[in-house]
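Colleague: Residues per chain, in single letters:
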Amino acid sequence: MKAEAQLLVKGGRVVDPASGLDQVADLLISEGKIERISEPGSELRAERVIPAQGKLVVPGLIDIHTHLREPGREDEETILSGSQAAVAGGFTAVACMANTQPPIDSQEGVRFVLERGREAFCRIYPIAAVTKGLRGEELTEVADLVRAGAVALSDDGNPVSSSQLMRRALEYSKAFGVSIISHCEDRDLSSGGVINESFTSTLLGLGGIPSLSEEVMVARDIQLAQFTGGRLHLAHLSTAGSLELVREAKGKGVRVTAEVTPHHLILSDEQIRASFDPNLKVNPPLREREDVDALREGLADGTIDCIVTDHAPHSSEEKDVEFDAAPFGIIGLETSLGLILTELYHKGLLDLKPIISLMSTNPARILGLPGGDLRPGGPADVTIIDLEKEWEVEPARFKSKSRNTPFGGWRLKGKAVVTIVGGRIVYQEGV
Amino acid sequence: MGREHLLGIEGMPAERIKLILDTAESFKEVLERPIRKVPTLRGVSVANLFFEPSTRTRVSFELAEKRLSAELVNVSAASSSVLKGETLKDTARNIEAMKVDIVVIRHSAPGAPHFLARCLESSVINAGDGAHEHPTQALLDLLTLRERFGELKGLRVVIVGDITYSRVARSNIWGLKRMGASVALCGPPTLMPLRVEGMGVEVYHNLDQALQGADVIYVLRLQLERQKEGLLPSLREYTNQWGITAQRLTKLKQKFIIMHPGPLNRGIEITPEVADGPYSVILDQVTNGVAVRMAILYLLSGGKVEG
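First to last, the protein sequences are chains A and B. Reminder that position 367 of the first sequence reads as 582 in my numbering, one-by-one numbering, no gaps. Reminder that position 40 of the second sequence reads as 22 in my numbering, one-by-one numbering, no gaps.
Note that these hints are calculated values from the structure, not bench results. Using N, Cα and C, we set each Cβ at its ideal position, and we do this for glycine too. There's no promise every hint is true.
[Unchecked claim] Listed below are the simulated DMTMM-like cross-link pairs for lysine to aspartate or glutamate, each with C-alpha atoms no more than 20 Å apart in a straight line: (1) Lys604(A) with Asp566(A); (2) Lys135(B) with Glu(-8)(B); (3) Lys628(A) with Glu609(A); (4) Lys71(B) with Glu532(A); (5) Lys71(B) with Asp535(A); (6) Lys71(B) with Asp492(A); (7) Lys237(B) with Glu129(B); (8) Lys210(B) with Asp403(A); (9) Lys347(A) with Glu323(A); (10) Lys81(B) with Glu53(B); (11) Lys347(A) with Asp359(A); (12) Lys71(B) with Glu533(A).
[Stated by the list, open to error] Estimated spans, in silico, between C-beta atoms of each pair: (13) Gln643(A) with Thr69(B): 37 to 45 Å; (14) Val55(B) with Gln379(A): 52 to 60 Å; (15) Arg177(B) with Ser376(A): 22 to 30 Å; (16) Leu427(A) with Leu246(B): 32 to 40 Å; (17) Val20(B) with Glu605(A): 40 to 48 Å; (18) Pro171(B) with Gly623(A): 36 to 44 Å; (19) Gly624(A) with Glu133(B): 45 to 53 Å; (20) Val55(B) with Arg402(A): 52 to 60 Å; (21) Gly162(B) with Glu512(A): 38 to 46 Å; (22) His187(B) with Arg402(A): 27 to 35 Å.
Only chain A is shown next, with the shape it has when bound in the complex:
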């Protein structure tokens, strides 16, 4: 698939948080790069013109927390199918976690992902394991992994339970400028749990995962990051207490960044009450309304740096079972933007500029990825969004190979209509 030599995105509202730009403009793309942004009605010409009047033109969305399941569970997702889901959701780049089968803990693994990524619809950035085999025992060869192309290190899916090993990881990785992405969970405290420990777990008799299980690890990791000066990125925060800890740490100047998922920003554990729906089973679990409110506050005040999907595909054979037996995980690449626009933007809780920062600019900065802005000379990764487009979430029509979403049937407002990666239109609808 060859890129058009020149592409003109005409008359859209261009929002680029990195440069502060927010105005109607024409965007010229040339040879896969942003060539220039000009006043509307300019004389710019190109072989192909995309009319974007009434649409939003933003730097391509970047999701730094996905599970693409390849290698190992290609029945649930592949790098190709995941990338197709990504571009349909407006993402031009995704970073994928290392907990595949086998895990990505060697140069070969990183190269495999990158090679598959070359055929993908969007940019694919491998995250490699912190510990060999994700076993939490020995550090992986960080230098080699980074040289091969790993953009961060994470055992996500598992915590690094040993404080000593986490300290070493934060210390050692400083030499190579990569972040450690921490899945904060004290497995002793969460053992046997399947939903948040709260009044809901009490009523349902389901095993509870206390907020504590996340918070004690957030606290530990912040202390370790402060002590070592390593770069810590906290994955999928879910509790008000975690937010408080991060806010305090940032106030003290600790190098820590944090992410949150759309499902933790929208759903609470009460939803499980009526249904026992296994599609609501996710780790960390859906928390309480007060936690949801705290996470939203964290978006607004900058405590949270980015929104990620934690796209976690599971086959329906495995997921459509009794709640206890179902695996944890929700897919999100095709619903994330629509949910955020519907629940936060259209409800007046968060403006567009912070949303684009949280979904593009900041994720790029956190992992040092290209893109995240519309700077001339930068890669032409662009997402065109129709803010007013109303649509229904139809899992049967997902590009993802999996269907495990609790949002099926939801009516959303706002959707990516064109996705451009490196000057190439990789997704387009209704334009």
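Please arrange chain B on chain A, whose structure you already have, making use of the hints.
Modeller: For chain B alone, kept in the frame of chain A given last:
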């Protein structure tokens, strides 16, 4: 046949509870007859799916089904394909394909009956789902209490033991509260689920305090694993602090009865002389279990109350 289920007591209206108890009472009379069998459910087929060991509940359901002349089939985890990796959904669908009207399910996973109710055409009866609910147990307990006291309203019921893991406690709390009784819970803090007060109950950790003024002392079985899981320092200490002993009961001034859902851990949560003592209605509970299950099977099959 309608598609009514019995999944839990939560949210069940008082009139519904009353209807089930009234119906059970009329079936009790059948149980007193020389030939304890009626043709009421002839042609109705029932599958008993027990994915967890159970003697009492299972036998009780079987007897109820037989006495109503239903056709029944028993499937236990040991004999089913579940061990061969077949999912609950597949097992249930296969059984349903054999034209089953009512599925009785006992499962260790909370919500397993709700899951079946979603994917089956049959009526589903929850015979205990993990620590969630055990509605037939609560209904037989309510029947036992109504027989003893005539009226449930105003009774003070103290449930003692491992509340966290007890489906019996949850169903009873809903049922008792709905019928106007007051409920207090007593047990070690490690076996008391988070914010359980939200169900409208009082919580005690001191047993003697909790038992003041109790009309009913409902003793829960203590699973011996709780000690190994680190929730209790020792069984000895549990018995000392929360065991129901004759000595402790002599301190009480009021009249009371003792209930227990079985099976008993004699000498752990209850001493033999209390379990077999004059205030114990434990065996009445068992007798009422059959009548209540007959009532539920009958009502779910679309039965109309006679008279």
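Colleague: With reference to the structure, classify each hint as holding or not holding.
Modeller: Quick rundown of the hints versus the structure:
{"no.": "1", "hint": "Lys604(A) with Asp566(A)", "in the structure": "holds (17 Å)"}
{"no.": "2", "hint": "Lys135(B) with Glu(-8)(B)", "in the structure": "holds (18 Å)"}
{"no.": "3", "hint": "Lys628(A) with Glu609(A)", "in the structure": "holds (14 Å)"}
{"no.": "4", "hint": "Lys71(B) with Glu532(A)", "in the structure": "holds (10 Å)"}
{"no.": "5", "hint": "Lys71(B) with Asp535(A)", "in the structure": "holds (8 Å)"}
{"no.": "6", "hint": "Lys71(B) with Asp492(A)", "in the structure": "holds (14 Å)"}
{"no.": "7", "hint": "Lys237(B) with Glu129(B)", "in the structure": "holds (16 Å)"}
{"no.": "8", "hint": "Lys210(B) with Asp403(A)", "in the structure": "holds (15 Å)"}
{"no.": "9", "hint": "Lys347(A) with Glu323(A)", "in the structure": "holds (13 Å)"}
{"no.": "10", "hint": "Lys81(B) with Glu53(B)", "in the structure": "holds (11 Å)"}
{"no.": "11", "hint": "Lys347(A) with Asp359(A)", "in the structure": "holds (13 Å)"}
{"no.": "12", "hint": "Lys71(B) with Glu533(A)", "in the structure": "holds (11 Å)"}
{"no.": "13", "hint": "Gln643(A) with Thr69(B): 37 to 45 Å", "in the structure": "holds (40 Å)"}
{"no.": "14", "hint": "Val55(B) with Gln379(A): 52 to 60 Å", "in the structure": "holds (57 Å)"}
{"no.": "15", "hint": "Arg177(B) with Ser376(A): 22 to 30 Å", "in the structure": "holds (28 Å)"}
{"no.": "16", "hint": "Leu427(A) with Leu246(B): 32 to 40 Å", "in the structure": "holds (35 Å)"}
{"no.": "17", "hint": "Val20(B) with Glu605(A): 40 to 48 Å", "in the structure": "violated (58 Å)"}
{"no.": "18", "hint": "Pro171(B) with Gly623(A): 36 to 44 Å", "in the structure": "holds (40 Å)"}
{"no.": "19", "hint": "Gly624(A) with Glu133(B): 45 to 53 Å", "in the structure": "holds (46 Å)"}
{"no.": "20", "hint": "Val55(B) with Arg402(A): 52 to 60 Å", "in the structure": "violated (42 Å)"}
{"no.": "21", "hint": "Gly162(B) with Glu512(A): 38 to 46 Å", "in the structure": "holds (42 Å)"}
{"no.": "22", "hint": "His187(B) with Arg402(A): 27 to 35 Å", "in the structure": "holds (29 Å)"}
Hints 17, 20 from the earlier list are contradicted by this structure; the remaining hints agree with it.
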